[in-house]
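K.L.:
Next come the chains, spelled out residue by residue.
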Amino acid sequence: MSSSPLTADATQPTAHSESGPTLAPAHRSTAELLICLPALAPDALPHALHAIAAAFPNESVLVASAHAPETPSDFPSLDIIPYASARSDVGWILAAADYASAAQLALEHNARAVILLGGDTAALSAPNALDPTLLRSLFDCLRTKNVDLVLPRFAVGPNDALVNSALLYPLSRALFGADIHFPLPIDAAISARLAQRLGSTTQRLIALNQGSSLLWPVAESAAAGFSVREVSAGSAAPPTPPPPATQADFNALFTSIAGSLFNDIESKSSFWQRARGIYAPSVQPSSPPPIHELAASPEIHSMIETFRLAQDNLQEIWSLVLPPQSRLALKKLSVLSPDVFTMEPDLWARVVYDFALAYHLRTLNRSHLLGAMTPLYFAWVASYLRFVADDPARATHAIELTAAAFENEKSYIVSRWRWPDRFNP
Amino acid sequence: MGHQMAQQISAALRQSIHRIVLVLASFLPGILAFLLAVVVFALIGWGLSALIRRLLIAVRFDERLASREAPGSTGILTEWSPSNSPTVLAQRTIFWLLVLAGVAIGISAFDASYADDARYSIFLLPYVAHIAGAILILLVGTLIARFLARSVLIGAVNAQLQYARFLSLGIKWLVLVLSAAMALDHLQIGGTVVELAFGILFGGIVLTLSLAIGLGSRDLVSRSIEKTMEKPATPRPTEVPSRSDPDTPPRLRHF
Numbered sequence: 001m002s003s004s005p006l007t008a009d010a011t012q013p014t015a016h017s018e019s020g021p022t023l024a025p026a027h028r029s030t031a032e033l034l035i036c037l038p039a040l041a042p043d044a045l046p047h048a049l050h051a052i053a054a055a056f057p058n059e060s061v062l063v064a065s066a067h068a069p070e071t072p073s074d075f076p077s078l079d080i081i082p083y084a085s086a087r088s089d090v091g092w093i094l095a096a097a098d099y100a101s102a103a104q105l106a107l108e109h110n111a112r113a114v115i116l117l118g119g120d121t122a123a124l125s126a127p128n129a130l131d132p133t134l135l136r137s138l139f140d141c142l143r144t145k146n147v148d149l150v151l152p153r154f155a156v157g158p159n160d161a162l163v164n165s166a167l168l169y170p171l172s173r174a175l176f177g178a179d180i181h182f183p184l185p186i187d188a189a190i191s192a193r194l195a196q197r198l199g200s201t202t203q204r205l206i207a208l209n210q211g212s213s214l215l216w217p218v219a220e221s222a223a224a225g226f227s228v229r230e231v232s233a234g235s236a237a238p239p240t241p242p243p244p245a246t247q248a249d250f251n252a253l254f255t256s257i258a259g260s261l262f263n264d265i266e267s268k269s270s271f272w273q274r275a276r277g278i279y280a281p282s283v284q285p286s287s288p289p290p291i292h293e294l295a296a297s298p299e300i301h302s303m304i305e306t307f308r309l310a311q312d313n314l315q316e317i318w319s320l321v322l323p324p325q326s327r328l329a330l331k332k333l334s335v336l337s338p339d340v341f342t343m344e345p346d347l348w349a350r351v352v353y354d355f356a357l358a359y360h361l362r363t364l365n366r367s368h369l370l371g372a373m374t375p376l377y378f379a380w381v382a383s384y385l386r387f388v389a390d391d392p393a394r395a396t397h398a399i400e401l402t403a404a405a406f407e408n409e410k411s412y413i414v415s416r417w418r419w420p421d422r423f424n425p
Numbered sequence: 001m002g003h004q005m006a007q008q009i010s011a012a013l014r015q016s017i018h019r020i021v022l023v024l025a026s027f028l029p030g031i032l033a034f035l036l037a038v039v040v041f042a043l044i045g046w047g048l049s050a051l052i053r054r055l056l057i058a059v060r061f062d063e064r065l066a067s068r069e070a071p072g073s074t075g076i077l078t079e080w081s082p083s084n085s086p087t088v089l090a091q092r093t094i095f096w097l098l099v100l101a102g103v104a105i106g107i108s109a110f111d112a113s114y115a116d117d118a119r120y121s122i123f124l125l126p127y128v129a130h131i132a133g134a135i136l137i138l139l140v141g142t143l144i145a146r147f148l149a150r151s152v153l154i155g156a157v158n159a160q161l162q163y164a165r166f167l168s169l170g171i172k173w174l175v176l177v178l179s180a181a182m183a184l185d186h187l188q189i190g191g192t193v194v195e196l197a198f199g200i201l202f203g204g205i206v207l208t209l210s211l212a213i214g215l216g217s218r219d220l221v222s223r224s225i226e227k228t229m230e231k232p233a234t235p236r237p238t239e240v241p242s243r244s245d246p247d248t249p250p251r252l253r254h255f
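Chains S and B, in that order, give the protein sequences. Numbering-wise (the numbering used here), the first sequence opens with residue 1 and increments by one. Numbering-wise (the numbering used here), the second sequence opens with residue 1 and increments by one.
Next up, chain S with everything else stripped away, as it sits in the complex (with noise of 0.2 Å):
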């Protein structure tokens, strides 16, 4: 069988048996597992299916992918349909037609559960990329604890996933009551009937022609109350795109990822009001250590003058959005030397509660509101570096502060979604 592409235009959602020419039919009508790989390198495929038949030697495995292996009959465990993976808004996240096509290959095929697999085409295409243990761990984990979306949780460094850390995780956990690190997932393992459901969810988007907007399946799944976990991912490294270039390029990101998240909590509003949280045992702040790395850290000097700068000059807007409590914790901060920046974990969650707030309330143009909030991350960031800057094992009690804090303050938020109008100092 030749190599030659299955499809024409990989951001087209739909599962293609018809437009998929060059690929023989699969041979199965039904599979217990059905993997959806991104769109990798010609060359690069055969790594991916190596590492997928190593991860189930015993299983009826379909593999969807773009391109067929020169030598299928290196892989005869596997049977490979076509598939278009789409791409997302950001790029290297599953974007909502990818779980579109997932749903609607599993229902034709049968198949008792989906691993999807992101992630950055060009990190995907190196040799060993994809970890057999991984895909195992999701599987197992999916079948035997009859869970309905399992996701990776990787390994990451004190430096590393910064606005997940920030946002992402602490908001899922407090207001969706979800316990996962990364909730906006790269790969995905999700059951028959959460893909269906994913799939009716995504339709929408994809008649709106929005198919590469992202999609939240673990507030979703939450929301439909279907269970979620997380599995280890060993010392992996979650597939990471090419850091952004430019301030401007990170800014588009940061909006586009932060805004995607608003959307979806505003949009699932009244269940996280009702919702319980973890409420996990307290966790008791602790005083930063004194910083040493600070005067070869510019990166921190940087942020925290981008902050002052904003401090400065984004007051107007700042006043639409922040009460004053928050507003005169953010000029109290603005004045502390590097030395003794630290945002506390609750004023970040109130100010993340604030804009979320501002988003649903539409109290100033979006993009103007988002870009607004960028400084203030910043100055999270930098005061999360001064904490782990000394010891980077403290990166685990930090963003455990952050995510206990989202959750002490959830009340916050639910007093003003109800009643924005109501007098708040």
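Keep in mind the hints are simulated off the structure, nothing from the lab. One thing to keep in mind: the hints can contain errors.
Unchecked claim - Straight-line distance between alpha carbons at most 25 Å, and here's what the computed SDA-like set of lysine to any residue pairs gives:
1. B:Lys172 <-> S:Gln311
2. S:Lys332 <-> B:Tyr163
3. B:Lys172 <-> S:His368
4. S:Lys331 <-> B:Leu169
Claimed, not checked - Partial selection, computed: residues in chain S whose CB lies under 10 Å from chain B:
5. Phe250
6. Leu309
7. Leu364
Said to hold, decoys possible - Per label pair, the in silico range of CB-to-CB distance:
8. S:Ala252 <-> B:Leu136: 49 to 57 Å
9. B:Pro29 <-> S:Glu316: 44 to 52 Å
10. S:Ala252 <-> B:Ala212: 25 to 33 Å
11. S:Glu316 <-> B:Leu187: 48 to 56 Å
12. S:Arg418 <-> B:Ala212: 43 to 51 Å
13. S:Pro323 <-> B:Ser210: 39 to 47 Å
14. B:Leu139 <-> S:Ser270: 36 to 44 Å
15. B:Trp96 <-> S:Ser270: 44 to 52 Å
16. B:Gly133 <-> S:Gly225: 51 to 59 Å
17. B:Leu35 <-> S:Ser411: 53 to 61 Å
18. S:His397 <-> B:Arg60: 47 to 55 Å
19. B:Gly47 <-> S:Ser270: 46 to 54 Å
These numbers come from a predicted model, not from an experiment. C-beta: ideal position from N, C-alpha, C; glycine also.
Got chain S sorted already, so can you dock chain B onto it with the hints?
P.N.:
Quick look at chain B alone, frame taken from chain S:
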């Protein structure tokens, strides 16, 4: 002598009062016609908008529109609707369209009642329409100025430009001055004086901004030259130091 003077004063006063009363009497039908047209059309608009509202609620217009939009997001129509309700938007649009139609017809009636008096029709009537146009220009200009000023301010702060506020104010006043000049031009006030003043003012603002940015960007230019000469510069929050350089701290990954 005194008596004769008093009679002349009295006659002059009577004549002037008579002229004023005549002017008012000739004004009154036009004004009444104008008010009547506005009131009648406002009433028709009120009735029609209430009817449309009932009709749209009956056919569940908002729900149908929402079902065609992405979950969690809102379409353009919903975005611009008061209370996020396209039904209310349609209702108010119809009402105000009819009010505007009433105003137009009222002006036309006013014009008709003055058809025989060139002094007023020439002087007053173009102004009623022009004033409305000028107000619209000023309103739109103010909205655009505010939007652009905020965009520039936020972008400049995130780009760590120290003169962010100055830049934002410059953009705001550029647009405001432009709209004011357009409004005056629309009103045909000032003629070449306005054009000249606008040219000088606009050019002055642009020159000031150019000088400010030029002088303020000295650091940027020098940093750029330093980079060219392979000297390290202070990174921005999202600029990532290379791993290959052992002196740089561990790189940050925001995503």
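K.L.:
Could you run down the list of hints and mark each one as holding or not?
P.N.:
How the hints compare with the structure:
no., hint, result
1, B:Lys172 <-> S:Gln311, "holds, 20 Å"
2, S:Lys332 <-> B:Tyr163, "holds, 23 Å"
3, B:Lys172 <-> S:His368, "holds, 16 Å"
4, S:Lys331 <-> B:Leu169, "holds, 23 Å"
5, Phe250, "holds, 4 Å"
6, Leu309, "holds, 5 Å"
7, Leu364, "holds, 8 Å"
8, S:Ala252 <-> B:Leu136: 49 to 57 Å, "violated, 34 Å"
9, B:Pro29 <-> S:Glu316: 44 to 52 Å, "holds, 50 Å"
10, S:Ala252 <-> B:Ala212: 25 to 33 Å, "holds, 27 Å"
11, S:Glu316 <-> B:Leu187: 48 to 56 Å, "violated, 31 Å"
12, S:Arg418 <-> B:Ala212: 43 to 51 Å, "holds, 47 Å"
13, S:Pro323 <-> B:Ser210: 39 to 47 Å, "holds, 40 Å"
14, B:Leu139 <-> S:Ser270: 36 to 44 Å, "holds, 38 Å"
15, B:Trp96 <-> S:Ser270: 44 to 52 Å, "violated, 34 Å"
16, B:Gly133 <-> S:Gly225: 51 to 59 Å, "holds, 58 Å"
17, B:Leu35 <-> S:Ser411: 53 to 61 Å, "holds, 55 Å"
18, S:His397 <-> B:Arg60: 47 to 55 Å, "holds, 52 Å"
19, B:Gly47 <-> S:Ser270: 46 to 54 Å, "violated, 37 Å"
Against the hints set out earlier in the document, violations occur for numbers 8, 11, 15, 19.
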